[in-house]
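Chain by chain, the residues run as shown.
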Amino acid sequence: MIPILSVLLLLPIASAGPAYLVLGKSRKAGLWFTIGVALIELALSLYVFYSVYASAPAAGSYAFTEQYSWVSISTFGVNYLVGVDGLSSPLVLAAALLTVFALVGSRRLVDSKEPAYYALILLFEGAIIGVFVSLNLVLFYFFWDLVMIPMFFLIGVWGGDRKKYAAMKFMMFIITGSMILLLALLAAYMGVTPTTFDIPSLAGRIPAGIQYLPLLASFIGFGIKLPVFPLHSWLPDAYTQAPAPVAVLLAGVQSAMGGYGIIRISIGLFPQASYVWAWGFMAVGITTMFYGAFVAIVSKDLRSMFAYTSIAGMGFVVFGSFASVASGSPLGMEGAILQMFVHAFTAGALFMLAGYIQKGIGTTDVSSLKGLRTLIPRTSTLLVFVCAAAMALPPFGSFVAEVLVVVGGIAASPYTAFTILVPVMIGGYLLWMIRKTVLSSPDGGATGTDMQGIDAGVLALYLVPLIIMLFFSVLVLGPAAPVVQHLLQLVSH
Amino acid sequence: MEYILAAVISLAAAALGVPVLQVIGNRPRVGAYLSIAAISAAILFVAANTAFGGTVTSFGSLLVSDVLGDLFALVVLSVTLAVAVVSLYSAHDGPSVPSYYSLLAFSGLGMLLLSYSADLLMLFVAWELMSLPTYVLAGFDKKRIQSNEAAAKYAILGALSSAIILYAMSLTYGVTGTTQISGILEKLAGQPFNPLISVAILLFIVGFGFKMSIVPFHMWVPDTYEGSPPAVATLFASATKKAGFVAAIRVVLAIATVYSLTPNSAFSLANVLAVLAVVTMTFGNVAALTQKSMTRLLAYSSIAQAGYILIGFSIFAYSQQTGLFTYNAMLGMTGSLLHIVNHAIMKGAAFLAAMLVILQLKRGDLGAYNGLAKRMPITAFTIAVSFLALAGVPPLAGFWSKLLLFISVINTPLAWVAVAAILNSAFSLGYYLWVIKRMYLDPGESTERVKEPFWFVVVFAVLVGLIIGIGLFPQQVISLASSAASSVFH
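Taken in order, these protein sequences are the chains called X and B. In terms of this note's numbering, the first sequence opens at residue 1 and continues consecutively. In terms of this note's numbering, the second sequence opens at residue 1 and continues consecutively.
Quick caveat, the hints were computed from the structure, so don't treat them as lab data. Note that the structure is a prediction, hence the values are computed from the model and not measured. A virtual CB, placed ideally from N, CA and C, is assigned to each residue, including glycine. Treat the hints with care, since some could be wrong.
If the Cβ cut is set under 7 Å, some of the chain X residues that face chain B in the computed set are [unchecked claim]: (1) 21; (2) 24; (3) 71; (4) 73; (5) 145; (6) 160; (7) 164; (8) 179; (9) 190; (10) 192; (11) 193; (12) 196.
Given only the sequences and the hints, what does the whole structure look like? Please build it.
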């Protein structure tokens, strides 16, 4: 039997070096090589996703597990333990799919030092898939930190005017967060006898009394990545300065790492403390949602507007997850899992479009963008559709996700129904932005170069999973149900 | 034990023989190659001892051959070898080369004997044999005033620390009537509070602390590291510093197993060490942040790393004196020993890379590192990897030792040390990352390739390979550290 998850996470890491060498020799061959690796990844992750859907692992168990001893001395042991369940399989798929999209998009948007660029993207893909499939805390932390190293260089070398500032700020925040996270993971290790780092053996066994500080530390660690409200200030710089395809990966899958960690580790390992503090974390989630939406309204730049929209979108994940913890109803957390999946594609598509607008018009300043409809018709058509997805309009799956989260919130307390205002606000400013930029008439003499047909085709593909998720949300929600059920059982004990 | 003897003989032969060769043949290079061969042979003998020798005491129990000694001997001799190899390129060509290599071999011999010392007198002789040649080596660039300053400062403070150690030894002898460490432990076991012994323990910490570069006994470190020839600074940071740690383990931690510092639990040895650990790492990191010169930055970072190593010592002392948390103590000592090994590799790589920059670009301030990735890509990559490893970023070697150290105190009353250490780790990225930013993101004054000599590249490749290799497959090194740690428990 093929160790499919190990192949998934090691193939891109191992291909990074060869990709660098091949690209150095021939651009065309190198691009095919890189995209070929990403397509193999996509095929494998589709297989994993489908298998998890077809036979969802029972509550508290995992599919495709592999276990080897990594470090083992008499007093200390770390296993290489990987596996997937209904929480991680959609995220693995999203990571593989977005990597393909980002690579295709990079062809025209990135033109310097290409060998290193593509090698780093592959490294990033392997690391982030590693985060989603690791079931051992040390392995998880390994990949968690490995993600930031390619990202630092991707922002710092290929970014916009203030790239160095953005890269340093990104790295400082992320590394501080991961160090604080490490404290939580170590406390979890020492919390049980016999000591272990394996998540399946830790879940539900850490004594309630020592869960509180580790929960807080892990929430800060994951919250910086997500990001939640007071810990978000690195994000607008990083998202706006990163080259568009990298921003796709940042907004699409890197933020999902935070949400994944909150559900898998913060709630999964420290359930009783999560229950006690659920209201506080829900408040953090709601604040993040409103804060993101409010700041997006006053943003003058498209990319900054999209960055804050993404913050608001990830606020739903925190809110929904802890609403379920508080109420015991699975809806909120299931919505949160779906939201992470669909947010990957809405946020990814938004940043990709911003990249094409920057390239075609030369600016992403909302007040200087006029008459995009006539200047760059393909881009603006797609912009309208993607914005519709971002404001959670049917026929896009984001509608289902946000409805589930809000309903899950109402199950916890009817007063949280006012969170329905967030999609309304997002809809409001996105429509205003579309009216100003797409539907206005261009200034005299203004010109623009539209994206090519093939790029438009690839961008339209971002919308396919979103539409599928409206009609077949069971693809994600079905396997997610036993995971949520398992977590809620842990909480109620 | 015969393997250790063989190692001692090969080093001694090199130390004594190389200057003689010079008189006979006047071929400085030959002496250098012979010293390198002798140090390599010594490493092989120590490795053989690790593989085949059990725990043996010999020479009237002056020396003990155990895994702890093997571990330290391997580390210090490997560093000495790396220093010897890259010294082929440094500026000293001519008649002084043989004496340089002779001094290096003498210092290596001292560190080798120190690793296996089981008697206070042996320990002191080895300590001096290690230290005296390094005073000369620090001043080897005799035309450069900073080198003279480095040597003077180091010699004076080194002599002071030797005197303090000797005083502590005489107090210990006065109370116990023996200089054998095992004999001392027997006499001290079950003794009530005795101020003389407590003073002696504190004096030992101070004396060894100079070499370990723990705050507040670190004053010589930045000036000496900066002023010495860079290869010699590597020796200080990666080898003689480790010798301080092995001496502390052999003496202070051994005494901690049978004797507590004071009856008052607030002034226990564990707390003293924990406070020293936190003060050292915090001071080192804060001071490193403001440095303008690379070698000074590395010196302060080296001070900070000494603080992390002390974490394992403090949990060991805590567990020995309370009888609690023995499991944590084992983890902590394993972590300390692993961090000593890792630090030698990581800091060795960083120092040698900095040395190459000084050699090739003729300047050592941080400005020289702008755009280094284009000019000296291999050197820049070495610095980047070693800095990330020093900060404890996985998948590099430093991660595992920090993981073990932090874990060992997280559920004990010393948990505040773990919190302080983790915050320090995050903080230290401030300066590590800044240098990486300079090298990779900032434009340099030119983009012309600068030559990176062959043997430097070989040494870099070995060190970077070790950093990544230990990071990915730590099993062998961790189990070696673990068995060395178990020989600390009596």
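Okay, the hints, checked on the actual structure:
| no. | hint | verdict |
| --- | --- | --- |
| 1 | 21 | violated, 15 Å |
| 2 | 24 | violated, 13 Å |
| 3 | 71 | holds, 5 Å |
| 4 | 73 | holds, 4 Å |
| 5 | 145 | holds, 5 Å |
| 6 | 160 | violated, 13 Å |
| 7 | 164 | holds, 5 Å |
| 8 | 179 | holds, 4 Å |
| 9 | 190 | holds, 4 Å |
| 10 | 192 | violated, 11 Å |
| 11 | 193 | violated, 10 Å |
| 12 | 196 | violated, 12 Å |
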